[in-house]
Structure formats: structure tokens, C-alpha cells
Amino acid sequence: MRSDREKIAANLRMLRALRHVKQSDVAQATGIATNTICKYENAECGMSLDAATRLAIFYDVPLDELVGRVCPVGAGA
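Counting in our numbering, the sequence shown runs from 37 upward without gaps.
Honestly, the hints are just simulated from the structure, not real lab data. It is possible that part of the hints are untrue.
[To be verified] List time: in silico SDA-like cross-link candidates among lysine to any residue, alpha-carbon distance up to 25 Å:
#	residue 1	residue 2
1	LYS75	PHE94
2	LYS58	ASP96
3	LYS58	ARG90
4	LYS58	GLY104
5	LYS75	VAL103
6	LYS58	ALA88
7	LYS43	LEU85
8	LYS43	LEU54
9	LYS75	ASP61
10	LYS43	ASP100
11	LYS75	VAL57
12	LYS75	MET50
13	LYS75	LEU54
14	LYS58	PHE94
15	LYS43	PHE94
16	LYS75	ILE93
17	LYS75	PRO98
18	LYS43	SER84
19	LYS43	ALA92
20	LYS43	GLY104
21	LYS75	ARG52
22	LYS75	GLU101
23	LYS75	ALA65
24	LYS75	GLN64
[What the hints assert, rightly or not] Estimated spans, in silico, between C-beta atoms of each pair:
#	residue 1	residue 2	range
25	ILE93	HIS56	15 to 21 Å
26	THR70	MET50	14 to 20 Å
27	GLN64	ARG38	27 to 33 Å
28	ASP86	ASP61	18 to 24 Å
29	GLN64	SER39	26 to 32 Å
30	ILE93	ARG49	15 to 21 Å
31	CYS74	ARG38	17 to 23 Å
32	GLY67	ARG38	25 to 31 Å
33	ASN71	ALA46	17 to 23 Å
Ideal placement from N, C-alpha and C gives every residue a C-beta, glycine not left out.
Model the full structure from these sequences, guided by the hints.
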């Protein structure tokens, strides 16, 4: 069973791929360092509510979708 951190990481990678943007693009738009975006996407660290909110706004998804409480759009479930 995957951890919450791993689910969030997978969602972040999928959302970024669906939008065809680089980690550096996400970092610039959200004010979150590129290396931190990388750590989030690899489940190497947790994120604050502020960071999650910035990412949800950037990806134009509800926080519930970002953190895996609902099936992400485009996931085909």
C-alpha cells in the first residue's frame, strides 16, 4: 500500500505531465524552489498547506484532488 506522500508525489508528476510543464516552470509560477518540487514529486519530503495550496492553484485542481482524496482528472479511473 502506498503512503500518502507517495500518492501525492504520483499526482504531482501526473498533473505536471498532463500540462506539459517542467519542474522549473512550476517552481517559477509557485515560488517553490525547483529542488523542493523535485522532492515533492519523489516523495522525499512532505509539504506544507501553503505549498499544497500554491500547487493546487497552479494546476487548477482542488486540494482534495492534489492530495489523492479524489481521482485526478485524466487518471482514467
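Evaluation of the provided hints:
no.: 1; hint: LYS75 with PHE94; result: 18 Å, holds
no.: 2; hint: LYS58 with ASP96; result: 16 Å, holds
no.: 3; hint: LYS58 with ARG90; result: 16 Å, holds
no.: 4; hint: LYS58 with GLY104; result: 21 Å, holds
no.: 5; hint: LYS75 with VAL103; result: 15 Å, holds
no.: 6; hint: LYS58 with ALA88; result: 18 Å, holds
no.: 7; hint: LYS43 with LEU85; result: 16 Å, holds
no.: 8; hint: LYS43 with LEU54; result: 16 Å, holds
no.: 9; hint: LYS75 with ASP61; result: 15 Å, holds
no.: 10; hint: LYS43 with ASP100; result: 12 Å, holds
no.: 11; hint: LYS75 with VAL57; result: 17 Å, holds
no.: 12; hint: LYS75 with MET50; result: 15 Å, holds
no.: 13; hint: LYS75 with LEU54; result: 19 Å, holds
no.: 14; hint: LYS58 with PHE94; result: 13 Å, holds
no.: 15; hint: LYS43 with PHE94; result: 18 Å, holds
no.: 16; hint: LYS75 with ILE93; result: 19 Å, holds
no.: 17; hint: LYS75 with PRO98; result: 21 Å, holds
no.: 18; hint: LYS43 with SER84; result: 16 Å, holds
no.: 19; hint: LYS43 with ALA92; result: 15 Å, holds
no.: 20; hint: LYS43 with GLY104; result: 6 Å, holds
no.: 21; hint: LYS75 with ARG52; result: 14 Å, holds
no.: 22; hint: LYS75 with GLU101; result: 19 Å, holds
no.: 23; hint: LYS75 with ALA65; result: 17 Å, holds
no.: 24; hint: LYS75 with GLN64; result: 16 Å, holds
no.: 25; hint: ILE93 with HIS56: 15 to 21 Å; result: 18 Å, holds
no.: 26; hint: THR70 with MET50: 14 to 20 Å; result: 19 Å, holds
no.: 27; hint: GLN64 with ARG38: 27 to 33 Å; result: 29 Å, holds
no.: 28; hint: ASP86 with ASP61: 18 to 24 Å; result: 19 Å, holds
no.: 29; hint: GLN64 with SER39: 26 to 32 Å; result: 29 Å, holds
no.: 30; hint: ILE93 with ARG49: 15 to 21 Å; result: 18 Å, holds
no.: 31; hint: CYS74 with ARG38: 17 to 23 Å; result: 19 Å, holds
no.: 32; hint: GLY67 with ARG38: 25 to 31 Å; result: 28 Å, holds
no.: 33; hint: ASN71 with ALA46: 17 to 23 Å; result: 19 Å, holds
Every hint, counting from the list given before, is met by this structure.
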